[in-house]
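Colleague: Residue-level listing of the chains:
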Amino acid sequence: MLRYSAKQLLNMALTLFAVSFLVFALNELSPGDVARKILGPYASESQVDHLTVQMGLDRPAIVRYFEYMGKALTGDFGDSIVFRMPVADLMFDRLGNTLLLAAISFAVIVPLSVVLGVLAGMRERGWFDRTISVFSSMCASIPEFAMGVFLLGIFVVWLGWLPGTSPLRSDSGWAIWMQFVLPVLVVTFYDAGYLIAMVRSSMVEVMRQPYIRTALLKGMSFNRVVSRHALRNALITPFTVILLQLNYLVSGLVVVETLFAYPGFGRMMLEAALAKDIAVIEAGTLIAVSVTMLTQLFGDLGYMALDPRIRV
Amino acid sequence: MTEIIHDIGRPRAAPGLGLAGDAHVGLLRQVLNILTRSPLATVGASILLAWSLLALLAPWVSPYPPNRIDVALVADPYPSAAHWLGVDHLGRDILSRLIWGARTVLTVAPIAVLGAVALGVFLGLVSGYRGGFIDTVIMRIGDTLLAFPKIILYLIIIAKFGASAFNIIAVITLSSAPIIARIVRGVTLDVKNRDYVAAARMRGESALFIMFVEILPNARGPLIVDFFLRLGYTTIAIGVLGFLGVGLPPPDPDWGGMVKEAYGMIFVWPHMTIIPALAISSLVIGANFLATGLREASLDG
Chain A
1 MLRYSAKQLL NMALTLFAVS FLVFALNELS PGDVARKILG PYASESQVDH
51 LTVQMGLDRP AIVRYFEYMG KALTGDFGDS IVFRMPVADL MFDRLGNTLL
101 LAAISFAVIV PLSVVLGVLA GMRERGWFDR TISVFSSMCA SIPEFAMGVF
151 LLGIFVVWLG WLPGTSPLRS DSGWAIWMQF VLPVLVVTFY DAGYLIAMVR
201 SSMVEVMRQP YIRTALLKGM SFNRVVSRHA LRNALITPFT VILLQLNYLV
251 SGLVVVETLF AYPGFGRMML EAALAKDIAV IEAGTLIAVS VTMLTQLFGD
301 LGYMALDPRI RV
Chain B
1 MTEIIHDIGR PRAAPGLGLA GDAHVGLLRQ VLNILTRSPL ATVGASILLA
51 WSLLALLAPW VSPYPPNRID VALVADPYPS AAHWLGVDHL GRDILSRLIW
101 GARTVLTVAP IAVLGAVALG VFLGLVSGYR GGFIDTVIMR IGDTLLAFPK
151 IILYLIIIAK FGASAFNIIA VITLSSAPII ARIVRGVTLD VKNRDYVAAA
201 RMRGESALFI MFVEILPNAR GPLIVDFFLR LGYTTIAIGV LGFLGVGLPP
251 PDPDWGGMVK EAYGMIFVWP HMTIIPALAI SSLVIGANFL ATGLREASLD
301 G
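Top line first, the protein sequences correspond to chains A and B. Okay, so the first sequence: first residue is 1 according to our numbering, each after it adds one. Okay, so the second sequence: first residue is 1 according to our numbering, each after it adds one.
Derived from the structure by calculation, the hints contain no laboratory data. Ideal Cβ placement from N, Cα and C applies to all residues, glycine included. The reader is advised that the hints may include incorrect statements.
Claimed, not checked - Lysine-lysine pairs mimicking DSS-like chemistry, simulated, CA-CA at most 27 Å apart:
id : chain 1 : residue 1 : chain 2 : residue 2
1  : A       : K71       : A       : K276
2  : B       : K192      : A       : K276
3  : A       : K7        : A       : K71
4  : B       : K160      : A       : K71
Claimed, not checked - For the chain A half of the interface with chain B, some residues (derived, Cβ under 7 Å), not all of them:
id : residue
5  : G126
6  : P143
7  : T165
8  : N247
9  : V255
10 : A273
Let the hints inform the model, and build the full structure from the sequences given.
Modeller: The structure is reproduced here in structure tokens:
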């Protein structure tokens with residue numbers, strides 16, 4: 001297991017290297033003039049040239065890439081053009097907000113999906129299973145922005161119970177916790193729809209196994225069969241999928257954060273991409289990719305721990 | 001877009017369509033059988049069919065030109081006899097924009113998915129059949145692409161190269177192909193040592209023939225189910241790009257873009273946002289119901 005982890009970590013370092021190079025190269029394909037962007041349209045040509053030289057942008061791309069990587073390894077990710085602050089500080093701030101939203105959503109989504117998925121899957125094609133299946137399939141089908149619009153229409157425009165934006169400032173007239181309700185709801189509907197289906201189908205598969213039938217036939221009560229025999233096996237497969245939701249919750253919240261003006265990582269990436277703010281894009285992508293690969297590694301390790309039949 | 005994240009990770013268990021053993025029954029017949037047996041699939045197929053018909057007949061069924069601006073109508077933009085779903089903030093007829101928007105999404109999404117299937121099938125077959133170095137390279141590149149959270153990959157590439165139908169199709173093709181390649185590679189590895197493949201090799205068939213004629217049909221079931229799931233997710237992805245402002249360029253109607261344009265006015269005129277949001281949801285629900293129904297029916301054999 002130790003060897004496997006070490007191999008995966010090395011793999012991860014290589015991928016991160018490839019990703020960072022890809023993003024950098026992509027930016028070089030059509031060099032949007034950084035100096036011009038900073039100085040604005042009214043600066044003279046000589047001012048632009050001067051700043052270009054000053055920032056070292058006249059040197060070959062490959063030199064600048066290695067310089068950037070060298071600095072990045074020491075924690076210096078440069079400055080953001082759009083947000084006009086060091087990228088490291090910006091990331092810290094935005095990631096914190098996103099992690100908070102992600103943590104709350106995760107804490108709601110996981111128990112909800114496991115309970116509903118297991119209850120639906122234990123009696124395949126019963127009325128509860130039918131209802132939950134259609135419900136989860138619909139939830140997973142409604143795009144976040146559409147779900148956001150529906151919930152906003154009901155709870156903000158019509159009922160007026162909740163705030164329509166979540167800037168996380170207490171001077172907005174709404175308590176901070178109330179600003180979390182709608183974003184968490186939207187994320188929950190969308191993501192739980194998918195997770196419930198995963199847990200359900202895994203449960204259904206387990207309930208079809210001969211050892212479940214045997215346990216029932218020898219007279220064990222249904223509830224006992226479910227809790228003692230089926231549950232553990234049914235949760236092994238969804239375990240990895242559940243962990244993988246962390247990716248979505250960290251870097252996939254662009255839409256929800258845009259909907260509710262939530263100052264998070266996803267919205268920062270959107271603004272950076274639109275403004276071609278390469279320092280932010282590069283650092284943000286590296287973070288997002290690291291999160292993906294780390295959760296995958298933890299998923300694999302957890303999987304092995306849960307299911308002793310699996311060896312690498 | 002959610003598949004954005006959901007696909008990352010290991011390939012999901014590939015469902016079959018229960019196609020083995022009934023080779024004499026045409027694929028179309030089987031699909032029709034399934035459609036009549038599973039209510040979920042019927043509902044899904046009907047929704048898809050309805051939108052497709054509207055999109056196909058757009059020039060004839062659309063009551064107004066989709067981009068015709070009539071600011072006078074904004075005084076009373078709500079649904080009326082003249083404008084069944086009302087008009088938007090520029091006085092454009094929402095129903096007409098929905099119908100023409102269906103045309104856009106129902107062209108772009110299937111092309112993007114078919115592109116991904118074509119590329120993914122080819123790479124998966126080559127990867128699985130050839131094995132060795134080629135396999136390692138293809139899978140490695142695929143893994144690197146999959147390590148990018150999809151939405152971030154979309155944002156970077158589209159913000160860089162500009163929002164156009166072609167770029168959207170390209171980026172969706174590129175980001176989905178690795179997953180399809182994994183499905184096909186798995187099936188290929190499973191069957192490539194079977195007797196009938198060996199027999200074809202003995203007959204002196206070319207590698208291309210073996211890959212596409214002998215091996216590929218085995219992946220038919222999983223690929224069909226995956227196609228409709230992916231169609232739904234691609235519709236979401238296109239909508240999300242439109243909503244984030246990097247979708248198909250205006251003024252031509254695009255459902256996600258319609259939601260974005262009217263979003264700021266939701267307190268004044270909620271129908272302008274809610275109606276296109278309903279339209280896009282219904283289309284995705286249709287695709288997902290059809291996929292679920294097909295998979296369920298196939299599990300029953």
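Colleague: For every hint, state whether the structure bears it out.
Modeller: Hint by hint, here is what the structure shows:
1. Using a Cα cut-off of 27 Å, the hinted pair K71/A and K276/A holds, with the two alpha carbons roughly 20 Å apart.
2. Restraint check: the Cα-Cα separation between K192/B and K276/A comes to about 47 Å, which exceeds 27 Å; the hinted pair is violated.
3. Taking the CA atoms of K7/A and K71/A, the gap is near 25 Å; set against the 27 Å cutoff, the hint holds.
4. Taking the CA atoms of K160/B and K71/A, the gap is about 25 Å. The hint holds against a cut of 27 Å.
5. For the restraint placing G126/A at the interface with chain B, the shortest Cβ-Cβ distance is roughly 15 Å, beyond the 7 Å limit, so the hint is violated.
6. Evaluation of the P143/A hint against chain B yields a held restraint, the C-beta minimum of about 4 Å falling below 7 Å.
7. Here the hint on T165/A is broken, as its CB sits about 11 Å from the closest CB of chain B, past 7 Å.
8. The beta carbon of N247/A comes within 5 Å of a beta carbon in chain B, closer than 7 Å, and the hint placing it at the interface holds.
9. For V255/A, the interface hint holds, the least distance from its beta-carbon to any beta-carbon of chain B being 6 Å, beneath 7 Å.
10. Restraint check, A273/A versus chain B: the minimum CB separation of about 4 Å is within 7 Å; hint holds.
The structure fails to meet hints 2, 5, 7 from the earlier list, while all remaining hints are met.
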